[in-house]
Each structure stands twice: as C-alpha cells, then as structure tokens.
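Now for the letters of each chain:
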Amino acid sequence: MNDADLSGKLPQMLPRLWSFALRISGDPHDAEDLVQRACLRALERQHQLRPDTSPLSWMFSIIQSIWINEIRARSVRSRSSMEWDDNFLDTVADPSAQTPESEVMNRQIVRAVEQLPEAQRAVMLLVAVEGLTYSEAAEVLGVPMGTIMSRLARARQTLGSLFGAQEQRVQRALKS
Amino acid sequence: MDDTVLMAYVDGELPPREREEVEKQMAASPEVAERVALFEASRLPYCEAFAHQKLPPVPERLTKSIEAMTCAQTARPANRNPNKPVAHHDKQLPPSAPLRSRLRVAPAWVAVAFIAGAFFTGGVLRFAPGLSGAPSTLVGGNAAPWVQAVVGYQQLYSRETLAQPVADVESVVEATRREDGLAVRIPDLRGAGLTFKRVQRLRFQGRPLIQIAYLPEKGAPVALCIIKQVQPDQPIASQRVAEMNVVTWRQSELAYALVSNSSDVDLTALGKQISDRSINALFGKAETSPYVLSAR
Chain A
0 MNDADLSGKL PQMLPRLWSF ALRISGDPHD AEDLVQRACL RALERQHQLR
50 PDTSPLSWMF SIIQSIWINE IRARSVRSRS SMEWDDNFLD TVADPSAQTP
100 ESEVMNRQIV RAVEQLPEAQ RAVMLLVAVE GLTYSEAAEV LGVPMGTIMS
150 RLARARQTLG SLFGAQEQRV QRALKS
Chain B
0 MDDTVLMAYV DGELPPRERE EVEKQMAASP EVAERVALFE ASRLPYCEAF
50 AHQKLPPVPE RLTKSIEAMT CAQTARPANR NPNKPVAHHD KQLPPSAPLR
100 SRLRVAPAWV AVAFIAGAFF TGGVLRFAPG LSGAPSTLVG GNAAPWVQAV
150 VGYQQLYSRE TLAQPVADVE SVVEATRRED GLAVRIPDLR GAGLTFKRVQ
200 RLRFQGRPLI QIAYLPEKGA PVALCIIKQV QPDQPIASQR VAEMNVVTWR
250 QSELAYALVS NSSDVDLTAL GKQISDRSIN ALFGKAETSP YVLSAR
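Chains A and B, in that order, give the protein sequences. Going by numbering that gives the first Met the number 0, the letters in the first sequence line up with residues 0 to 175, in that order. Going by numbering that gives the first Met the number 0, the letters in the second sequence line up with residues 0 to 295, in that order.
In case anyone wonders, no lab produced these hints; they're calculated from the structure. Yeah, the Cβ is synthetic: ideal placement off N, Cα and C, and Gly gets one too. It cannot be assumed that every hint is accurate.
Claimed, not checked - Here are a few chain B residues that face chain A, going by a calculated C-beta distance under 8 Å:
| no. | residue |
| --- | --- |
| 1 | Ser41 |
| 2 | Tyr45 |
| 3 | Phe49 |
| 4 | Thr62 |
Using the sequences provided together with the hints, build the complete structure.
Below you can see the structure in the form of structure tokens.
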C-alpha cells in the first residue's frame, strides 16, 4: 500500500470511525479526541499497514488502542447512560421509516449492547455491528480468536436472556 | 459442551456430524438446551438496530482536520521515507507489530497539534497555518510563529520520546541536504552534557525546518531547531514561551531556536557556543562554515 491510499481513504472512513469511537467511548469529546489521534497515528505509521489488512479494521484497532491506553483512564464521563437519542432525537424525520415496534426493539438492542461489560461490548460492536470476521476482530483487539469467540458467547448469552420469554425459547430451540 | 460450539451451531456454522452431536446433547441435557435457546434469542438485527441509532453528527472541526491531514499527501511522490525508524523487534513479534510509542501525551497535545494544524505525513511533520482560525498565540507570547510551533511541538517531548533513537541519521542528513536545501551539521554538545538523539525533518508553512534533539543526563530534552530566514543577523536573545526556555538567534540567513524546559541546561551559553562555531560536528559534510545552504 503506498502513501496515497490511506490518505485518500481517511475522509471516506470518517463517518464509520466517528460512530465507532462514539460507541466505544460513549462521549462526543472523547470520540473526537480518539479519531484525531488515530488518524494522526495512522498517517505516521501507514508503512506498517499490511496489504492483507483492511484499512478500516486497522483504524478500529488504533482507535481501540488509544482508547484503552490513553483516554479511557482520564475520561470523566459516567458510563451508566448513553442517551444520544434524548439530545438529538428532536425533529429529524427518519426517512427509513421504522415501525413503532421495530423502533422500540432497535433501541432496546442498542441499549442492551451498550450495557455489556467493556470487553464484550467491543467484540459485539466489531463483529455484530461493523461486520468484521472473528479473525479480523481478533487482530483489531490484539487477542486470540478463541478470546473473541468466548467474549461473544458470553455477550450473546446475556443478550439472549434479555430478549424473549423463557418457555418459548426452550421450545423453539428444541424444535429447530 | 463449550458455549462457542453451541453458538456456532445456532449460527449454522457447524458441519453435519457436529450438528448431530449438539442436538444429542440438547436432548439429553435441559441445561444445554437452555443455553442454545439463549443463543437463539440473541440472534437479533444488531447491524440494523445500530444503523438506526441516532448519533451526534461528525463535528465540522473534525472533518476539516482530517481533510487537512490528508490533502498534503496527494502531491507527494511515493515512499521515500528517510525518517522511518529501523525497527528492532523482539524475535517473537511479527515484523509489522507497531513499535510501542513511548510518547507521553498530555491533553494539551490535541489542542496544540490540531489548532496548529500539525500533521505528520511521509516522514515529515507539517504545521499548517491557522487551520481552525484559532489565534496562533495559543502557545503564547511574542515569539515568532515558527518558534511558537516548535515550542508547541517540544511540549510533547519527554525523555521517553527519545528513548529509541532514529538509527539512520546519515540518510536523514543527506535527505535534508538534498531535498530541503539545508546542509546540516549536527553540533557535538557532549561537552555540555548533551547526548545527540535524533534529527527530524519538519515543515513550517511549507518551509523546511530541522529539529535536532538532545538528552541531558537528567531532565527534559533539548532541541535545536533551524529554519531558513532571509533577513539580517540577529544576536542571541532568550525568552519564555509557554513555560519553555527559548534562545533564538539568526545568522547567515538561518534562524535558530534552542528550546527546553530543563532548568539544568544553560541555553544561552549553549547558543553562544553554537553560534560562535566553536563546536565540532557529529555528522554531515565538512563545510567551511557550519550551516550552509546549497544552491536551490
């Protein structure tokens, strides 16, 4: 990969870097800090990006690393609430009209993921939301693939217990 | 039965034989059946749910900053990267594992770097003027803008920053001479207790600026910065800029700044020695005068 590639891609990747940073940190100021630092660092180290690594995954790993090593400790934000919706819900009509039921469901899903312990939440964001493979997620977080899978399993057990009634679930599972 | 196998089963990722094995376990054990049920219930539209999440939009300031970082790259020829540090990795690490950056980062880093519009591309750190419109007196005082920029940059430095010296000094010096038009001689300051650590090619408003970094035996690093300024000579002057000691002078159309927040080093005396040309060089070509611009 030559120097021009990463530069050209960064502006395009910005919306996804921003939303990832927001979801990881839970705070717009921290997220801005994260993305700034990550882009600088990526440009400094772009000679280290291997041709077989997706630039987006690589950026996620840089963001994650800066969050863990540099910003999280001094973040004063309380992690207990991430009420984006209350601030920005206002008046923008959502053109991709969700039904009221799916809107409620979606918000419940998002909230449930956000309340997972940090390590599990990171894996869910990478795999279930950003669509990375297990092995890509393992690279982003710098852990073995087995760790990704076990964190995911724990997350999904928690999420599964939040959604759906007990009896029905067991019946459904036995039948399928 | 391991949860990750049950999860793979629910996601349809198991081959037939292992599917059967799981189903046997489910029939035999309500506990396994329950865990499978939970995995089933966790098959939710996560991607879609998050796609509908209303997030604060990307801040304008961030967009501009990223654009500024990347626009400088487009005209550059590929791949001469003389500042690339020689990577000495543990044998266990793959060659592409990032060197641990020991740069100690203070919160002010972001303000300084991004208001000053600093970005590091292609082996060169560039300060772009007034990107966000913020006053350049952020770093403070009556110092010239280029001095403010190097002070801002020097504020980022700790001893750890220089712990891994750039190995290939000769090629940096050579690139500086050839591409930047500055024939740099790196002063040997060991007599003052300063060990040479690194030379970097920077850019200020598009003009080449050289930073030579030293470490005293203890305390903060000292930097000697040089930029071309076609103006009359100026004698040594010292000032405080943003809690750092700065000694400047101009000589033979080059402006110098010695920057440090170490109280152990007498920068003024050092500046006199360097400008008196009474100091030997560590690297660089032997010229008749210490710092000479090649014709460009």
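field: Residue hint Phe49 of chain B, partner chain A, criterion CB-CB below 8 Å
entry: Holds, because the Cβ-Cβ distance from Phe49 of chain B to chain A comes to roughly 5 Å (cut-off 8 Å).
- prompt: With 8 Å as the cut and Cβ atoms as the points, is Tyr45 of chain B at the interface with chain A?
  reply: At about 4 Å, which falls below the 8 Å cut-off, the nearest Cβ of chain A leaves the hint on Tyr45 of chain B intact, so it holds.
message: Holds or violated: the hint that Thr62 of chain B contacts chain A, with Cβ atoms closer than 8 Å.
response: Because about 7 Å separates Thr62 of chain B from the closest Cβ in chain A, which is inside the 8 Å limit, the hint holds.
task: Would you settle whether the hint for Ser41 of chain B is holds or violated, based on the nearest Cβ-Cβ distance to chain A being less than 8 Å?
output: Because about 4 Å separates Ser41 of chain B from the closest Cβ in chain A, which is inside the 8 Å limit, the hint holds.
Of the hints listed earlier, there is not a single one the structure fails to meet.
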